[in-house]
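There are 2 protein chains.
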Amino acid sequence: MSEHIVTAFDQELNALKQKIAEMGGLAEKMVSDAMLALSRRDAELAQSVRQMDARLDALQREIEEAAVLTIARRQPMAVDLRDIVATIRIASDLERVGDLAKNIGKRVMAMEGQTLLPKAVIGLMHLSKLVLMQLKVVLDSYTARSVENAVDVWQRDTEVDALYTSIFRELLTYMMEDPRNITFSTHLLFTAKNLERIGDHATNIAETVHYLVTGASLPLDRPKGPGSITALSDVSAG
Amino acid sequence: MSEHIVTAFDQELNALKQKIAEMGGLAEKMVSDAMLALSRRDAELAQSVRQMDARLDALQREIEEAAVLTIARRQPMAVDLRDIVATIRIASDLERVGDLAKNIGKRVMAMEGQTLLPKAVIGLMHLSKLVLMQLKVVLDSYTARSVENAVDVWQRDTEVDALYTSIFRELLTYMMEDPRNITFSTHLLFTAKNLERIGDHATNIAETVHYLVTGASLPLDRPKGPGSITALSDVSAG
Numbered sequence: 377m378s379e380h381i382v383t384a385f386d387q388e389l390n391a392l393k394q395k396i397a398e399m400g401g402l403a404e405k406m407v408s409d410a411m412l413a414l415s416r417r418d419a420e421l422a423q424s425v426r427q428m429d430a431r432l433d434a435l436q437r438e439i440e441e442a443a444v445l446t447i448a449r450r451q452p453m454a455v456d457l458r459d460i461v462a463t464i465r466i467a468s469d470l471e472r473v474g475d476l477a478k479n480i481g482k483r484v485m486a487m488e489g490q491t492l493l494p495k496a497v498i499g500l501m502h503l504s505k506l507v508l509m510q511l512k513v514v515l516d517s518y519t520a521r522s523v524e525n526a527v528d529v530w531q532r533d534t535e536v537d538a539l540y541t542s543i544f545r546e547l548l549t550y551m552m553e554d555p556r557n558i559t560f561s562t563h564l565l566f567t568a569k570n571l572e573r574i575g576d577h578a579t580n581i582a583e584t585v586h587y588l589v590t591g592a593s594l595p596l597d598r599p600k601g602p603g604s605i606t607a608l609s610d611v612s613a614g
Numbered sequence: 377m378s379e380h381i382v383t384a385f386d387q388e389l390n391a392l393k394q395k396i397a398e399m400g401g402l403a404e405k406m407v408s409d410a411m412l413a414l415s416r417r418d419a420e421l422a423q424s425v426r427q428m429d430a431r432l433d434a435l436q437r438e439i440e441e442a443a444v445l446t447i448a449r450r451q452p453m454a455v456d457l458r459d460i461v462a463t464i465r466i467a468s469d470l471e472r473v474g475d476l477a478k479n480i481g482k483r484v485m486a487m488e489g490q491t492l493l494p495k496a497v498i499g500l501m502h503l504s505k506l507v508l509m510q511l512k513v514v515l516d517s518y519t520a521r522s523v524e525n526a527v528d529v530w531q532r533d534t535e536v537d538a539l540y541t542s543i544f545r546e547l548l549t550y551m552m553e554d555p556r557n558i559t560f561s562t563h564l565l566f567t568a569k570n571l572e573r574i575g576d577h578a579t580n581i582a583e584t585v586h587y588l589v590t591g592a593s594l595p596l597d598r599p600k601g602p603g604s605i606t607a608l609s610d611v612s613a614g
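Keeping their order, the protein sequence lines are chains D and X.
When we follow my numbering, the leftmost residue of the first sequence carries the number 377, and every step to the right adds one.
When we follow my numbering, the leftmost residue of the second sequence carries the number 377, and every step to the right adds one.
Okay, chain D solo, but in the shape it has when bound (with noise of 0.2 Å):
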């Protein structure tokens, strides 16, 4: 492989790369301004991030697009295809969590006007904090490729999965003191289910860069707190 090629693969490489930045700014942008829109009750705001996952949707098409042009193109081997692949998965993942930011701002345009208990909110904005943070590390860990970074993500996930199932205890139980806390409640047990999602999808790039790096998986079960589902049965059981 003449020096002229490599060197076009690393361009393109290189521009996958600073597309899944940019992805990866705005996905944590958009879940961000959807958190802020619902504890502010600002439909505005809230507006402005499902405008903002057109752009996500765009870019995860350009990476698809890009990606597969450059197998085609420069046929990588090894570590190089690993490197293609990990974009292509990452964007995917990243489109995921634009989809379920948007979907947290449209709860809150729906919410519009309503009357909610301010206390039911405190404890979606600390899992919007810890799902944010896990969505920063990993993505730094990918820039970095820092196994040990995205191994500490992945671990990380059984906060996530606890701190929702207390949420979720919590919202059960303002739904069964007040009929009138029913529609709030269940606009906010979604928006709890889709930041816990977006705490998976963190997981799945922590996966994808261990794999980028080692070249294996990591196990396939991830570290799961009890979970929500059984938060359920145990508190009908009380």
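Treat the hints as calculated values from the structure; they're not laboratory data.
From the three backbone atoms N, C-alpha and C, an ideal C-beta is built for every residue, glycine too.
Treat the hints with caution; some may be incorrect.
Claimed, not checked - Calculated lysine-lysine pairs in the DSSO-like style (CA-CA distance at most 27 Å, straight line):
(1) K482/D x K569/D
(2) K569/D x K495/X
(3) K569/D x K482/X
(4) K569/X x K569/D
(5) K569/X x K505/D
(6) K405/D x K569/X
(7) K495/D x K569/X
(8) K569/X x K482/D
(9) K482/X x K495/X
(10) K405/X x K569/D
Unchecked claim - Among chain X residues calculated to face chain D with C-beta under 10 Å, some are:
(11) R437
(12) E440
(13) M453
(14) L457
(15) S468
(16) F566
Guided by the hints, dock chain X onto chain D, whose structure is given.
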């Protein structure tokens, strides 16, 4: 390119398509069994769905690895390359369908021993039939490379969303009528959401089939019904 290499590519592509067919059949069975488990309150069947998910995850990894090796070895172009990319995308969507079916199974197990209103499950069974049909038709459209059938599935997503919305509203009314309905209704709300998301993945696969056969994407804006999110605001306003 010698005939020998083309034949090897065809063999590898066919092997990938067979794995997609196996994944598709398994994903359909998982959804079907999970819903059967729900209608029968059969925790053992629900547990078996969870075990099938390991096989599905393994297939997805096998497909991704084999697809990447094929690209590296055979250096396919144009339609051949789209064929390989399509298997990666479809495997990713089917793996998520399996996760969603597994989650439905988990909820069935969590609901063991709980009372629920049988009428509340009827709408869900209807939604699951619709979604299973979408999966079947779109997987057939992939095998047959039929853009027409893929577009049908893509358009019918509006129907899936409309049915999901009506089930959501119905479950909200049960929750408001009687606090004793809240726990199981919450399980069913999330089950309905999981089914709606399975429908979304069928639509993703339809988009992939369209791209595979025509080389072009479907419009960014998938047809969407009003959706459950506005349903909640309507119900609370009333």
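message: Checking one constraint from the list: CA of K495/D to CA of K569/X, max 27 Å. Satisfied?
response: Measuring from Cα to Cα gives roughly 26 Å; hence the hint holds.
message: Given the hinted pair K569/X and K482/D, is their Cα-Cα distance within 27 Å?
response: holds (15 Å)
- request: Let me know if the C-beta of M453/X comes in closer than 10 Å to any C-beta of chain D, holds or violated.
  value: Given a least distance of 6 Å, the restraint on M453/X holds.
- prompt: Taking only the CA atoms, is the gap from K405/X to K569/D under or equal to 27 Å?
  reply: holds (26 Å)
Interface hint compliance - F566/X to chain D, C-beta minimum distance less than 10 Å: holds (7 Å)
- prompt: Minimum Cβ distance from S468/X to chain D below 10 Å?
  reply: holds (7 Å)
task: May I ask you to test the interface hint for R437/X with respect to chain D, counting a Cβ-Cβ separation under 10 Å as satisfied?
output: With Cβ-Cβ at 7 Å, under 10 Å, it holds.
task: Verify the proposed pairing of K569/D with K482/X, using a straight-line Cα cut of 27 Å.
output: Holds: K569/D and K482/X sit about 15 Å apart, inside 27 Å.
message: Hinted pair, alpha-carbon criterion (27 Å max): K569/X, K505/D. Please report holds or violated.
response: Cα-Cα ~25 Å, so holds.
message: Given the hinted pair K482/D and K569/D, is their Cα-Cα distance within 27 Å?
response: holds (14 Å)
query: Has the given pair, K405/D with K569/X, been kept, meaning a C-alpha gap of at most 27 Å?
result: Holds, at roughly 26 Å.
task: Classify the hint on E440/X as holds or violated, based on whether any CB of chain D lies nearer than 10 Å to its CB.
output: Cβ of E440/X sits 7 Å from chain D, so the hint holds.
Checked against the numbered hints above, the structure breaks none of them.
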